[in-house]
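Engineer: One-letter residues, chain by chain:
There are 2 protein chains.
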Amino acid sequence: MSVNLLTDKAREIEALLDEVLPPVSTRPAPIHEAMRYAVLGGGKRLRAIMAVAACESVGGDGRQAHGLAAAVEMIHAYSLVHDDLPSMDDDDLRRGKPTVHRKYGEAVAILTGDALLTAAFAELARMPEKYGIDFATTVAVIAELAEASGSQGMVGGQTADILAAQAGAMARDEVELLRYIHSHKTGALFTAVLRCGGMIGGASPRQLASLTTYGEHFGLAFQITDDILDEIGSEAALGKATRKDQAMGKLTYPRVFGLEQAKAMARESVRQCLQALDELPEDTHILRELALMVVERDR
Amino acid sequence: MSVNLLTDKAREIEALLDEVLPPVSTRPAPIHEAMRYAVLGGGKRLRAIMAVAACESVGGDGRQAHGLAAAVEMIHAYSLVHDDLPSMDDDDLRRGKPTVHRKYGEAVAILTGDALLTAAFAELARMPEKYGIDFATTVAVIAELAEASGSQGMVGGQTADILAAQAGAMARDEVELLRYIHSHKTGALFTAVLRCGGMIGGASPRQLASLTTYGEHFGLAFQITDDILDEIGSEAALGKATRKDQAMGKLTYPRVFGLEQAKAMARESVRQCLQALDELPEDTHILRELALMVVERDR
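Residue numbers (this note's numbering), protein chains in the order written: chain A, 1 to 299; chain B, 1 to 299.
Source of the hints: derived by calculation from the structure; they are not laboratory data. Just so you know, nobody snuck in bad clues.
Put simply, identical chains are the same to the list, so a pair is met inside one copy or across any two.
Below, computed lysine to aspartate or glutamate pairings styled on DMTMM-like, alpha-carbon distance capped at 20 Å:
1. Lys-44 <-> Asp-8
2. Lys-130 <-> Glu-147
3. Lys-250 <-> Glu-260
4. Lys-250 <-> Glu-106
Go ahead and model the full structure; you've got the sequences and the hints to work with.
Structural biologist: So, in structure tokens, the structure goes:
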């Protein structure tokens with residue numbers, strides 16, 4: 001039941017992205033083909049569903065968050081395309097298909113990531129015209145997403161992750177580094193999209209604080225589960241290689257805390273997510289489903 | 001004299017960028033060190049000088065274009081970092097120094113480019129707060145720069161360039177392809193920065209049209225000269241490898257039109273630039289100097 005609900009939402013986002021991305025016939029065709037390949041055809045669409053749900057949770061019209069939803073999926077897709085590159089995580093499979101550089105070559109993959117990141121900001125800048133968002137909110141959303149994605153957000157987390165893996169033997173404070181990496185690499189974008197969805201919906205400062213709390217705990221639960229799945233999950237279900245983190249010497253929650261404690265930490269984060277939702281005035285059932293699903297998923 | 005003027009302007013932009021980029025001590029330090037390495041310490045700063053000059057040419061306060069100036073230099077620097085990568089142009093030298101991937105490794109170089117592109121949009125979104133630009137103009141500037149940099153602008157041009165070089169033997173219509181590549185790879189960003197500087201300065205539609213004309217011809221003159229310098233310039237003056245285009249089988253103006261005709265085309269473009277300036281109400285001497293300098297430069 002709840003899985004069907006999220007699947008339906010994901011299908012709506014897929015249709016939105018199909019419409020927002022330029023058609024393959026757009027010149028130069030190879031980059032537009034690769035952009036569509038990188039973004040379309042799967043994915044849980046957590047971030048986009050969250051954008052819409054956060055907007056609705058404070059009484060906004062969820063359709064007004066569609067620009068944000070499309071943009072954040074493009075940012076997420078760009079980060080995967082670049083993270084998968086040979087000089088980074090060197091992955092051959094993503095969502096059960098060859099990664100972008102395996103299919104289109106490394107040069108086109110780098111450019112595809114660049115193009116998707118740029119297209120995300122273009123789409124955000126179209127929010128006033130397409131969705132009637134006021135200019136001040138549009139600028140605030142762009143600022144928040146850019147901060148969360150940049151060198152002190154997602155890219156910073158990925159940099160720390162890559163450098164920690166390259167350095168091999170671990171830092172003085174493993175737990176602190178692990179938290180830093182994941183709160184930046186994964187958490188920052190979740191939190192930003194929830195806050196931006198809230199802003200579009202007209203959230204009060206207090207409601208934004210609740211969405212922020214939800215986002216931080218969601219990000220943690222998500223990342224712990226990701227680490228656990230990398231260790232014990234099935235390659236077939238995940239559609240990508242498993243046990244990569246260990247092979248690359250990456251810090252993970254099960255490695256640092258042990259499997260059972262990691263699972264308990266994820267459950268505790270979900271409890272905090274659900275508690276944060278109590279502060280929100282409108283329908284929060286999608287955000288609730290997302291929080292419950294995130295630790296139960298097998299992919 | 002005119003060279004000193006542009007050198008002074010470049011020094012001002014350098015100081016601005018030094019202030020805008022996060023200090024090296026910002027965590028994670030390696031990415032912030034690499035971002036500063038990629039952006040600071042040289043470069044003609046044409047795009048930034050143009051942003052300020054375009055703003056002033058329509059009667060605006062040039063300091064209000066400083067956010068745009070910093071952002072466009074970050075976008076330009078990101079494009080160089082990614083273009084220099086081994087899977088793209090595979091360059092070892094840039095501005096007389098090792099390229100970012102030679103100094104910091106390929107993974108950090110990819111992330112540095114990503115971080116700079118993201119930081120550019122963050123800086124643009126700060127224009128209302130830092131420079132008093134209204135929200136509607138800020139959104140228009142972000143939209144214009146994102147379009148010009150993306151898959152149907154700069155990234156599109158770079159994609160077509162890489163694919164044409166890989167394909168080797170050339171297309172049915174070499175001239176059309178050459179124009180497409182360069183008007184997108186180089187021209188689109190010049191034109192966008194001139195238009196955005198104009199918008200910040202409060203340009204009328206007619207003034208924006210003149211800045212657009214200037215930008216298109218400037219881009220052409222710039223690219224033709226770049227191609228000529230790659231063929232006949234000195235590696236020492238340029239601070240990067242020369243005769244790369246030919247080695248990579250790239251389409252260039254001297255290759256397609258011959259050296260003399262290419263030079264004549266560049267001069268004609270400069271004439272068109274100067275003519276477009278006649279339509280602008282205020283001081284245009286910097287834009288004039290830039291147009292004259294672009295074909296006379298040796299780097």
